[in-house]
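Trainee: Residue numbers (this note's numbering), protein chains in the order written: chain A, 778 to 1256; chain B, 248 to 756; chain C, 70 to 164.
Do not take every clue at face value.
Examples of chain C residues lying across from chain B (beta carbon under 10 Å, computed) [stated by the list, open to error]:
| id | residue |
| --- | --- |
| 1 | 85 |
| 2 | 96 |
| 3 | 102 |
| 4 | 103 |
| 5 | 113 |
| 6 | 120 |
| 7 | 124 |
| 8 | 129 |
| 9 | 130 |
| 10 | 132 |
| 11 | 148 |
No wet-lab data here; the hints were simulated from the structure. All residues carry an ideal CB built from backbone N, CA and C; glycine is no exception.
Next come the chains, spelled out residue by residue.
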Amino acid sequence: MKHWEVVIGLETHAQLSTRSKIFSGASTAFGAEPNSQACAVDLGLPGVLPVPNHGAVERAIRFGLAVGGHIAPLSVFARKNYFYPDLPKGYQISQFESPVVQGGTLTIHTSAGEKTVRLTRAHLEEDAGKSLHEDFHGCSGIDLNRAGTPLLEIVTEPDLRSAEEAVAYARALHGLVRWIEICDGNMQEGSFRCDVNVSVRPVGQAEYGTRCEIKNLNSFRFIERAVDCEVKRQIELIEDGGTVRQETRLYDPERDETRPMRSKEDAQDYRYFPDPDLPPLRIDAAWVREVAAGLPELPSARRARYQQELGLGVYDAGLLTASREAGDYFEALRAAAPAVDAKVCANWVNGELAAALNRAELDFAASRVSAIQLAGLLRRLADGTVSGKIAKEIFELMWSEGGEADAIIDAKGLRQISDSGALEAILRDIVERSPAQVAEYRGGKEKVFGFFVGQAMKATQGKANPAQLNELLRTLLAG
Amino acid sequence: MSLDSLIDGTLRGLAGALARREVKAAEVAGAFLDRIAAANPSLNCFITVDRERCLAEAASADRWLDAQHARLVGHPAAPDGPDAVSGRLAGVPIAHKDIFCAEGWRTTAGSRMLENFVAPYDAQVITRFRDAGAVHLGRANMDEFAMGSSNENSYFGPVRNPWDQTRVPGGSSGGSAAAVAAGLAPAATGTDTGGSIRQPAAWCGVSGLKPTYGRVSRYGMIAFASSLDQAGAFARCADDLALLLDVMAGHDVRDATSVARQDPGFASLLGQPLRGLRVGVPRDWFGPGLASGIGDAVQVALAELQRQGCTLVDIDLPASAHAIPAYYVIAPAEASSNLSRFDGVRFGHRAADYRNLDELYERSRAEGFGPEVKRRILIGSYVLSHGYYDAYYLQAQKVRRLIAEDFTRAFAQCDLIAGPVTPTSAFTLGACNDDPVQMYLEDMYTIPVNLAGLPGMSVPAGFDQGLPVGLQLIGPWWQEARLLQVAHAYQQHTDWHQFRPVGVPGVAA
Amino acid sequence: MSLSEDDVRRVARLSRLALSAGELPRLQQDLSRILDLAGQLQAIDTRGVAPMAHPGAESVALRPDVVTESDRRAAYQAVAPQVQDGLYLVPKVIE
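Pulled out of the complex, with its shape left as it was, chain A reads as follows (with noise of 0.2 Å):
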């Protein structure tokens, strides 16, 4: 019985968020009316020219200097030749033998630990039309408001080694494409899209096992089914000695299996030569410098930074660059709160803050209690005003009602009771009231200690503050 070794790669195809198309001046909005943003260009009527988009062009250099690649000073646009119907012109123009961005990693995070993926390179090229398919007696209808769409096909070397690291990368490159602001990420409107190429191998082999790529998988749980069932499908086929025919697959959701895409005829000949409308695209180190200059503080960058320079911890530190947006709320916390420790600040926005977004289906942007008011809610956390536990229901109220901490705190006397004369008062009040707690607890009965501080909390309505509370009863009862 063969051990296996899966090998996998991923070929991505993000919608760069520009307004309009890559070779045409029509809008790229989701959602028209059918072939009512498809210009003369995007239908390849008789007679009509490319021109490339600048925006397309920089939101390309911009992906390349986000992971680290070489962005070429030359690269050539290529005719990909074919015919179908979403494909106006009878051929996509893409890149070929020079793309704009070359090279370049992106860091992932497993339960294994960190892996560096190696990307091979990433192009500009033109996305397709649409078939619908519904029943139009017999024919299918073709609506090409998306052909022309700015595509980043971005490509990896076969590093992955699982399901889990395929969608740890989808899930990374995609917060990567929003965090730089190239692509909007938005899957259900294909906005993000992923092929994977699945092989496998007897451990120790060297050479690569055939191949099969599965198209348009546009979900993270599709990607991981898509893997999962295509490893089990090609180790029985091999294990029955079988051999795996290199083809395109789909992924059937319905039925959770791949099966082969119709396809015409053999391997396609794409005839790819570089496109005669297009002379070679420059991009000179001058725009690479100023694209590098508008670039944010980088996922990975703001990882780090969390851990070392902060001391966050992996989850914590992950758990707040899994989203620009999120490390964003953190730094504006930060500011306005620098006193608190930045741990503490941590876990409101992992835990408390996270929570009651995921409730809501929001988003950070969306927040009900912005960074400024939870700012004000951890500093007198931080300075004892009130305990944790208040702290809690004070955001609850801010939550569902708005407001500033301090006015909050205020209004509903939630000031915690810290004053140990007060606190000792009612402490001896309770213990001289429950002499057979008291008696269970001197006579080795720790848990009965639980008995006290609920009746402390009781008598106080929460407000007393935990540790002198602790510390006072600890010395009462030891009598």
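Following the hints, complete the assembly by docking chains B and C onto the known chain A.
Mentor: The following block gives chains B and C in isolation, referenced to the frame of chain A:
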């Protein structure tokens, strides 16, 4: 001056007369339309003529001209031709090769594929002529998708050479050249990918110019071979070509291959003497392949240039010997891709019978394209296909660079190059039917110019057994003004460009 | 001949051009002749020579990211062979 004399004169003269209101645009257009009606049945220069529309444009031009003229009343006589950028050709009818999309006009590219295609937008060239006030006279016949050197590949029938109607006018802009030669239009637009302006200009005895690649916008010009195609014009003399080029040329943001230039006007060197200019003559071009009658006429033309003060310099263009094979790899390759959009889905011919998508494609395209177009698409797909790309396409592009470098070296020794346009004169209709390659060899002197992207002209330089002969002038990149200067000076002292064919129906001898 | 009948059929398929049986021999002959012409290129020494794909502009000029087109669907679809509800219709494509 009679109307006939005026419309048979120069473009500049016609534009001036219109501006001074000595003649109405409607009369001028009407006169040409009458000639076309009489001659087109035999010459077949035009695929589409729309009399009403043309006269409506002329009437519109008349209103504009009247308003302009009213403003000038009281001033001394206006100079020849309006000065403003807009209105430069107000009221002047221009025939357009049926390759430039023109909104509302049937635009066929000489093909069944676009037999009923009414363009929904204007090519930049059409827009520029509109803005200059020109009147769209009609749609000139052409070889299908600009593929051909005889205008026998048109779905709408061949064009006949007005000098000898048993012969071809040349191609692919045969309709445009023949129309100007026959007096059916004072000027016409054309396109030149491998000689398709210069060669028919030579065979029809008119002046034709192909500008530097990137000088004129290709937006709206139905593509054949994108890195070679360039729009240009036909007229009766160099001066007229300067005027036409001034209207047509200019950077267009919609064409990424068009270049922004700040050159002085194309007429800026007209009238300057030729003394001191060095004219390069490619020795190899006068070999045994060249018909002696043509060679003689060209030598006489070169002697005239010498007489005017030019020095002739022998030059070598060794790589040009390989221009034809390079061209017949690159052009079909680009064409095979450019013509993929003709699939019966969004416009153009759609087969009536098909059972599935593949049949829709295959039958629409087989029915829509003629044999030469099919041959070029097939060869083009082949030379780009896996396994052949390096040996054919890549190799051809390398040879292309060698050819361009030859010219760069040559232009270090001369200011322009002169020689024959074609190895033979116009052949009889059907003579090249059996062998497509034979036709290709006609392009031997014109193709190198397209591969390098240089500007080139043909001017009438005599006759070879009754058939017109052209002198080719080739300039360094962006130096159309220099070519026009030389052509103009040549035409001041020779009269070949004033000869007219006789026997054109509707046109007085 | 430089091209076999199979070569012709294959490239016709690649180009989506239907071929009748009658056309095939003539086409094979013509295309072979053209390919022979093209074959003359093999003899030329191009070592160290860079291919020339663009005769003109040194680098492509980019357009600003601005929407400049409006909805002209009616005009563009006036020339379409078959449309319905704004969609171009083709025989059903199964993947």
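Trainee: Now look at each hint and say whether the structure bears it out.
Mentor: Against the structure, the hints come out as follows:
no. : hint : in the structure
1   : 85   : holds (4 Å)
2   : 96   : holds (7 Å)
3   : 102  : holds (5 Å)
4   : 103  : holds (5 Å)
5   : 113  : holds (6 Å)
6   : 120  : holds (3 Å)
7   : 124  : holds (3 Å)
8   : 129  : holds (5 Å)
9   : 130  : holds (6 Å)
10  : 132  : holds (6 Å)
11  : 148  : holds (4 Å)
Of the numbered hints given earlier, the model fails none.
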